[in-house]
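**Student:** If you're matching them up, the sequences are chains A and B in order. Position 151, counted from 1, in the first sequence is what the working numbering calls 151; the numbers after and before it change by one each time, with no gaps. Position 229, counted from 1, in the second sequence is what the working numbering calls 229; the numbers after and before it change by one each time, with no gaps.
Worth flagging that the hints you see were computed from the coordinates, not collected in a lab. It cannot be assumed that every hint is accurate.
Remember, identical chains collapse to one label, so a pair may be satisfied in a single copy or spanning two.
[To be verified] Taking lysine to any residue and the SDA-like style, the derived pairs with C-alpha atoms no more than 20 Å apart in a straight line are: (1) 73 with 308; (2) 161 with 96; (3) 161 with 255; (4) 76 with 163; (5) 161 with 93; (6) 161 with 270; (7) 73 with 47; (8) 76 with 92; (9) 73 with 105; (10) 161 with 188; (11) 161 with 128; (12) 76 with 241; (13) 76 with 255; (14) 76 with 133; (15) 161 with 64.
Predicted model only: the values in this text are computed from it and were never measured.
Number of protein chains: 2
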Amino acid sequence: MEATVLYGARDVRFEDVPAPAILDATDAIIRLPFTCICGSDLWPYRGIQPVPGPVPMGHEYCGFVEEVGRSFKSVKPGQFVIGSFFASDNTCPHCRHGYQTSCQQKTPVLGGQAPRMRVPLADGTLVATRDVPQDDLIPSMLALSDVMGTGWFAAEAANVKPGATVAVVGDGAVGLLGVLSATQMGAERIIAMSRHESRQQLAREFGATDIVTERGEEGVARIMELTRGVGADSVLECVGTQEAMQQAVQSTRPGGSVGYVGVPHGVTLDGADLFFRHVRVFGGPAPVRRYLPDLIGLVFNAQINPGRVFDLTLPLAQVAEGYRAMDERRAIKTLLRP
Amino acid sequence: MEATVLYGARDVRFEDVPAPAILDATDAIIRLPFTCICGSDLWPYRGIQPVPGPVPMGHEYCGFVEEVGRSFKSVKPGQFVIGSFFASDNTCPHCRHGYQTSCQQKTPVLGGQAPRMRVPLADGTLVATRDVPQDDLIPSMLALSDVMGTGWFAAEAANVKPGATVAVVGDGAVGLLGVLSATQMGAERIIAMSRHESRQQLAREFGATDIVTERGEEGVARIMELTRGVGADSVLECVGTQEAMQQAVQSTRPGGSVGYVGVPHGVTLDGADLFFRHVRVFGGPAPVRRYLPDLIGLVFNAQINPGRVFDLTLPLAQVAEGYRAMDERRAIKTLLRP
């Protein structure tokens, strides 16, 4: 089988690898009708996160169960399933509390940029859809595996309530789906921070009411202007850099919340600054497993269409070009067809 | 009039100062039947916070209105009033949102370790009691001005809910009143971290179910042991040091919250650590003004007795000894009688 392996900064290869096989009784093998590249894959691709050796890439997935380990209870071969980027048992205290990405047994899922993959702890991790989705819904189902759930968590962590004023820092797929999530949660005003026309357009389609093109201090000043000097109730930080976090914290009203889902790279928060600003911060790897049942329903009912973030489709063999397009911001998110 | 002035580290003087006078139309002058020393007064007293010049000390107060400025509406001479350590207009967007300590006009209140003091923005800041409290209730009313409201905010910021498991870092007056607040909010289990017998005893009186004497990593390990490896739902950080904050963050379960009210001194939070722990943090100067009406009611109804934190009473003229006793941890909190 040919699959995607990252060897080092900007060195993505599509090459022969052993076909995935059941290693543990709790594994499942699934066949992937589509797969994709995540914004977080760009951290190691850009060399910002070290690559210790060849890494099988891809942690977003949905598809058909082909084979399951012995101790399987909930999922059967032939079913269409979606899982989270972290495998979880869904029975430990953290899972039952709704934080499956802090599962006491959590295991990263790898190797999804391939025609087939192995999912560990699959009974706890995978959610089967009632029906097999039509082909045109599959990109939206695929988006639920990470970016849509992550945008949703950003909005939840930022405490978005009906009528709220929300600002979104970051116009990648997660930021855009954070806009969509805030819309679903009833936000009245959603300010998307973006300087790219195609992303601005999608943000508006997803419910953004205002676009701010300024960044850093100027971006904060613009948010303050738009909110009459008060600040936003909820700010979604969907980047993971110090600059983005500062922008988020400084755009939040006293008593308001920052929800952050960009994996923090060198981000530190000054205790005294947060204290005197009265800003709540909460984030982490999105507990996608918790949201999957509801989000699958929203996709089937056509209430959300998160697959709209895929603006480039390539054959899987051209995965390296998919990375380049996202790295150069020519594409928001690349869909790959095995 | 003689009042308390801090000249530098460990240099507290009780000396002649000009009597307070109405400077602005929004000022009030109040007479203080009791006053007290705050744990946060120890930061400059210990030289950890620089003292730029002689500073009139004391920001906790309750007492009788003697004189009011021209533009007064709500409070009349003769009334018994309590205010917060920050004056606020109670009309700006932040005040209306419940964060009066982030008031757009906020002003620190100074000079309360004295027989009389001036309160700025007094219409927005002071809350009059329906009746004049009996003498024995006055220490509890005085505690509402800061430490009780601060403990309450710590519990609220840490999202304490009925049935919750709560840990409290810090056994000063605020930590102890955090225990009392968590009890009032229906926490089922309250773990107080303290190694001082008299404080442990008061913590138990206020509702603590467990006492942990260990600190740092050992303290965290003990909390984990007591919560079967899960961590606490809510942790109140009532100190303000890096060690205390780390202890709080590490004792919290994924999806749980740290409420922090110790003024942070050199505290930084690592974004990636918080992210992968799934810990929410929120804190700041407690919006005491918001809580005052309810807390005054609880004191009148004898539902809470926060004045129990005063374990040393001295004549105001001996204020320097009051500081020493708290600095050496001989006293939890010193009550001063002008």
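**Student:** Does each hint fit the structure? Answer for all of them.
**Tutor:** For each hint, the structure was consulted:
{"no.": "1", "hint": "73 with 308", "in the structure": "neither (34 Å within a copy, 57 Å between copies)"}
{"no.": "2", "hint": "161 with 96", "in the structure": "between (24 Å within a copy, 18 Å between copies)"}
{"no.": "3", "hint": "161 with 255", "in the structure": "both (14 Å within a copy, 19 Å between copies)"}
{"no.": "4", "hint": "76 with 163", "in the structure": "neither (43 Å within a copy, 39 Å between copies)"}
{"no.": "5", "hint": "161 with 93", "in the structure": "between (27 Å within a copy, 18 Å between copies)"}
{"no.": "6", "hint": "161 with 270", "in the structure": "neither (27 Å within a copy, 28 Å between copies)"}
{"no.": "7", "hint": "73 with 47", "in the structure": "neither (41 Å within a copy, 64 Å between copies)"}
{"no.": "8", "hint": "76 with 92", "in the structure": "neither (23 Å within a copy, 59 Å between copies)"}
{"no.": "9", "hint": "73 with 105", "in the structure": "within (18 Å within a copy, 61 Å between copies)"}
{"no.": "10", "hint": "161 with 188", "in the structure": "within (9 Å within a copy, 29 Å between copies)"}
{"no.": "11", "hint": "161 with 128", "in the structure": "neither (30 Å within a copy, 34 Å between copies)"}
{"no.": "12", "hint": "76 with 241", "in the structure": "neither (41 Å within a copy, 53 Å between copies)"}
{"no.": "13", "hint": "76 with 255", "in the structure": "neither (47 Å within a copy, 32 Å between copies)"}
{"no.": "14", "hint": "76 with 133", "in the structure": "within (16 Å within a copy, 71 Å between copies)"}
{"no.": "15", "hint": "161 with 64", "in the structure": "neither (36 Å within a copy, 42 Å between copies)"}
Checked against the numbered hints above, the structure violates hints 1, 4, 6, 7, 8, 11, 12, 13, 15; every other hint is satisfied.
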